[in-house]
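Q: Whole structure, please, built from the sequences with the hints as guidance.
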Amino acid sequence: MHNQVITLAREFGSGGRLIGKRLSELLQIPFYDREVIVEAARKTGLSEDYISEAEQKKSHFIYNLSFSPENLPLSDQVFLAQAEVIRAAAQQGPCVIVGRCADDILREYPGRVSVFIHAPLEQRVRRAREVYHVEAADVKSDVLRRDKQRAAYYNYFTNARWGQLKNYDMALDSSVGIEQAAQLICQLVKFRGDRN
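All you need for our numbering is the position in the sequence shown, starting with 1, plus 1.
Worth double-checking, as some hints may not be accurate.
[Said to hold, decoys possible] Straight-line C-alpha distance at most 20 Å; calculated SDA-like pairs for lysine to any residue: (1) LYS149 with ASP77; (2) LYS22 with LYS191; (3) LYS191 with PRO31.
For the record, the hints were derived by calculation from the structure and aren't laboratory data. Remember, predicted model here, so these are calculated numbers, not experimental data.
A: Have a look at this one:
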């Protein structure tokens with residue numbers, strides 16, 4: 002395998018993290034998800050909880066007008082710290098990176114393979130309950146709210162639109178199953194590696 006970095010963007014509850022973990026096992030390469038948060042927390046001195054919360058939100062435009070580049074809003078500082086961690090991971094060698102706008106951060110990276118994971122809403126609601134233990138009274142609304150947050154964050158920090166298919170090398174419906182989804186991505190990675 003060449004120095005390929007696989008980035009997975011995903012709808013909430015689609016199993017993207019599980020697929021990414023399985024993919025890293027199949028390819029025997031490092032996996033980054035919460036690890037990006039841990040490293041960004043170390044770099045910024047902020048708590049992991051704060052970084053997790055900040056990555057679900059975008060800065061408000063009005064606040065950006067009042068800050069100089071040296072004194073960015075904390076959510077922008079969090080994004081920049083995570084971007085630095087993501088670039089460093091890609092430079093270290095092949096890996097799988099889940100979320101955190103990695104597909105856009107590494108857009109110019111020659112070995113990037115980007116995938117958007119989606120699934121039918123009913124399946125995502127079921128997974129949110131069973132796997133992620135979401136306890137909201139209305140799980141469906143919670144799943145949709147989290148997707149909306151992800152889209153707003155991604156759209157704010159990138160020059161692209163979250164989930165827009167032309168931004169990804171592959172869009173994959175995870176209702177095929179975690180193992181099958183990981184195998185399909187492996188095939189794409191192999192194909193892309195053979196072409197280079």
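Q: For each hint, tell me whether it holds in the structure or not.
A: Status of the hints after comparison with the structure:
1. LYS149 with ASP77: holds, 19 Å
2. LYS22 with LYS191: At roughly 18 Å apart (the allowed maximum being 20 Å), LYS191 and LYS22 satisfy the hint.
3. LYS191 with PRO31: Holds: LYS191 and PRO31 sit about 17 Å apart, inside 20 Å.
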